[in-house]
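Engineer: Sequence:
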Amino acid sequence: MSNLLWKSLVVSPAVLGATLLVSATAIAAPNTATEVTVSSIENQGTTEVAQQPEILAQAVNDAKVLDQVKRYSNEGNTTQSQVTSVSQFSDVQPTDWAFQALQSLVERYGCIAGYPNGTYRGNRALTRYEFAAGLNACLDRVNELIATATADLVTKQDLTTLQRLQEEFSAELATLRGRVDSLEARTAELEANQFSTTTKLVGEAIFAVSDAFGGNTGDANNTVFQDRVRLGLQTSFTGRDVLTTRLVAGNASAFDIRGNNNATLTNTGEGTQTYEVGGTGTNDVRIDRLTYEAPVGPAQVYLAAAGGQHSHYAAVNNPYFFDKTDGGNGALSTFASENPIYRIGGGAGIALSVPFGKPGGVLNSSSLTLGYLGSEANDPGSGAGVFNGNYAALGQLNFSVGDRIGLAATYVHGYNGTGGTLFDGGGTLGANSPTPLVGTRAANTLSTTDASSSNSYGISAAFRPSEKLSVSGFVSYHDVTGFGAGDDYEAWSYGLGLALPDFGKKGNVLGIFGGAQPYALNRGTLGGNKVPYQIEGFYKYRVSDNISVTPGIIWLTAPGQSSNSDDAIIGTLRTTFTF
Numbered sequence: 005m006s007n008l009l010w011k012s013l014v015v016s017p018a019v020l021g022a023t024l025l026v027s028a029t030a031i032a033a034p035n036t037a038t039e040v041t042v043s044s045i046e047n048q049g050t051t052e053v054a055q056q057p058e059i060l061a062q063a064v065n066d067a068k069v070l071d072q073v074k075r076y077s078n079e080g081n082t083t084q085s086q087v088t089s090v091s092q093f094s095d096v097q098p099t100d101w102a103f104q105a106l107q108s109l110v111e112r113y114g115c116i117a118g119y120p121n122g123t124y125r126g127n128r129a130l131t132r133y134e135f136a137a138g139l140n141a142c143l144d145r146v147n148e149l150i151a152t153a154t155a156d157l158v159t160k161q162d163l164t165t166l167q168r169l170q171e172e173f174s175a176e177l178a179t180l181r182g183r184v185d186s187l188e189a190r191t192a193e194l195e196a197n198q199f200s201t202t203t204k205l206v207g208e209a210i211f212a213v214s215d216a217f218g219g220n221t222g223d224a225n226n227t228v229f230q231d232r233v234r235l236g237l238q239t240s241f242t243g244r245d246v247l248t249t250r251l252v253a254g255n256a257s258a259f260d261i262r263g264n265n266n267a268t269l270t271n272t273g274e275g276t277q278t279y280e281v282g283g284t285g286t287n288d289v290r291i292d293r294l295t296y297e298a299p300v301g302p303a304q305v306y307l308a309a310a311g312g313q314h315s316h317y318a319a320v321n322n323p324y325f326f327d328k329t330d331g332g333n334g335a336l337s338t339f340a341s342e343n344p345i346y347r348i349g350g351g352a353g354i355a356l357s358v359p360f361g362k363p364g365g366v367l368n369s370s371s372l373t374l375g376y377l378g379s380e381a382n383d384p385g386s387g388a389g390v391f392n393g394n395y396a397a398l399g400q401l402n403f404s405v406g407d408r409i410g411l412a413a414t415y416v417h418g419y420n421g422t423g424g425t426l427f428d429g430g431g432t433l434g435a436n437s438p439t440p441l442v443g444t445r446a447a448n449t450l451s452t453t454d455a456s457s458s459n460s461y462g463i464s465a466a467f468r469p470s471e472k473l474s475v476s477g478f479v480s481y482h483d484v485t486g487f488g489a490g491d492d493y494e495a496w497s498y499g500l501g502l503a504l505p506d507f508g509k510k511g512n513v514l515g516i517f518g519g520a521q522p523y524a525l526n527r528g529t530l531g532g533n534k535v536p537y538q539i540e541g542f543y544k545y546r547v548s549d550n551i552s553v554t555p556g557i558i559w560l561t562a563p564g565q566s567s568n569s570d571d572a573i574i575g576t577l578r579t580t581f582t583f
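The numbering of the sequence shown is our numbering, which starts it at 5 and goes up by one.
Simulated from the structure, these hints should not be mistaken for lab results.
Treat the hints with care, since some could be wrong.
Per label pair, the in silico range of CB-to-CB distance [stated by the list, open to error]: (1) Lys509 / Glu188: 44 to 52 Å; (2) Phe241 / Ser567: 26 to 34 Å; (3) Phe241 / Ala189: 26 to 34 Å; (4) Val475 / Lys510: 37 to 45 Å; (5) Asn550 / Leu251: 47 to 55 Å; (6) Phe241 / Lys472: 55 to 63 Å; (7) Leu401 / Val289: 22 to 30 Å; (8) Glu148 / Leu205: 34 to 42 Å.
Since the structure is predicted, the reported quantities are computational estimates derived from the model, not experimental observations.
All C-beta atoms, glycine included, are put in the ideal place defined by N, C-alpha and C.
Please model the complete structure; the sequences and the hints are all you need to start from.
Structural biologist: Here you go:
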């Protein structure tokens, strides 16, 4: 306790409150423990004593005490930004008798630790609150000596000094003890209601009312009320690492998007919304993420045992649209949430981010990120495992230009066995979600008879010209090579978003995002040759710190890449609860 208290004395008055919270038990001693009792010293054999005065009642007038308590209570609530002069903090000077008296007591009894020889080396002025905290530590130390039958170390002169100091700083001592009592009560309540000292619960619940409109798609769908719940246990063992164990349940299913000739589009991620990702469709509970993140030297290491995604560890550069991997506070759709390149592969694996660049320089907070995720890492069978199954390896250079521009250049090499899907997140995000998370059937469908490999290249950027405006966007190119004849193809995607944070109210966000869903032309029966554009608009209204309501519209043109398809419109009212 005394070591922490000394640090608060020599560092800053702003640290005092935190120190008192940590050392509450020692400081908040009862009155009988903080008043120096002469009779107890007599019982231990000390002869040169005098009767103890009634310190608070006789030495200080009640009205004066109340006035001082009010004064110093207000002082304790003063932030450093409100101080106009250094002298406002300098209530007890090193030349004052009280300062020198406390210094002598500290050196005699070791009230405040912090130096090798236990001496008190204060050489600056202290606030009366800081001084009172040090005095209280000495009172505790003297009572400790009394209680352990070593009272012969306490002299009559020291008792007299303590009494005089206690009289002069009675108001500060009373105020500090009152504050500590309150902190103790709050701390006890928190400790009684928490289930772990190393783990905290992070939860999210989404209620969504949604419907699809427009031509054949509108006729094929009805209004739905769907949900998804995530409960994450975040455990830290060192204070800098985090083990994430996340449970998920949901009942959301994607709409039946109709293409040319009123045909249902299969193997497509067009129109997929973020809250549809991860659920089981029947509200059954499953683990959808088990990851561990920790610093190793200057680098940050990411380990995924299940549900790993590239966007967990790589900078996405899409502020206000991306939210913690398909969370409920960003964009409505998976397409507007992040660059589709991060949807290639997923599962179990490892990633490493190494920072570079000079702090304060042009390339501030830049880094190199490398990652490897396999979707069949748990399967020991033939053609599976960590290295022989489906996988995606990512390399990314992240650049921060000043404090308003973020850039990323991304490369992903993927491998899929027969009958795979390119943008499926490794197939780990829930069997009842659409297998592709973004993109058309032509962009997603890999060879059904042979394995395929892909080389994808992406660029993403975010620019924040002011606190009220954010612009972000991406471009990605995907070169797919099938191991059989006629299996090769190319896919493209691009998008641009405009976000207005604090629009109408602090915490609100107005977002507009438009671009082309991942598409591949000239693939015969898998799709037409029309670019499928998507335009999305949403307004997140923050009801409170833990509740937000987001109405929005997703407009899809040429679903299935067909010029004969009717446009589809999806309207959603999403309510997100975070706790």
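Engineer: Would you mind marking each hint as holding or not holding in the structure?
Structural biologist: Results for each hint:
no.	hint	verdict
1	Lys509 / Glu188: 44 to 52 Å	violated (37 Å)
2	Phe241 / Ser567: 26 to 34 Å	violated (57 Å)
3	Phe241 / Ala189: 26 to 34 Å	holds (29 Å)
4	Val475 / Lys510: 37 to 45 Å	violated (21 Å)
5	Asn550 / Leu251: 47 to 55 Å	violated (19 Å)
6	Phe241 / Lys472: 55 to 63 Å	violated (40 Å)
7	Leu401 / Val289: 22 to 30 Å	violated (39 Å)
8	Glu148 / Leu205: 34 to 42 Å	holds (39 Å)
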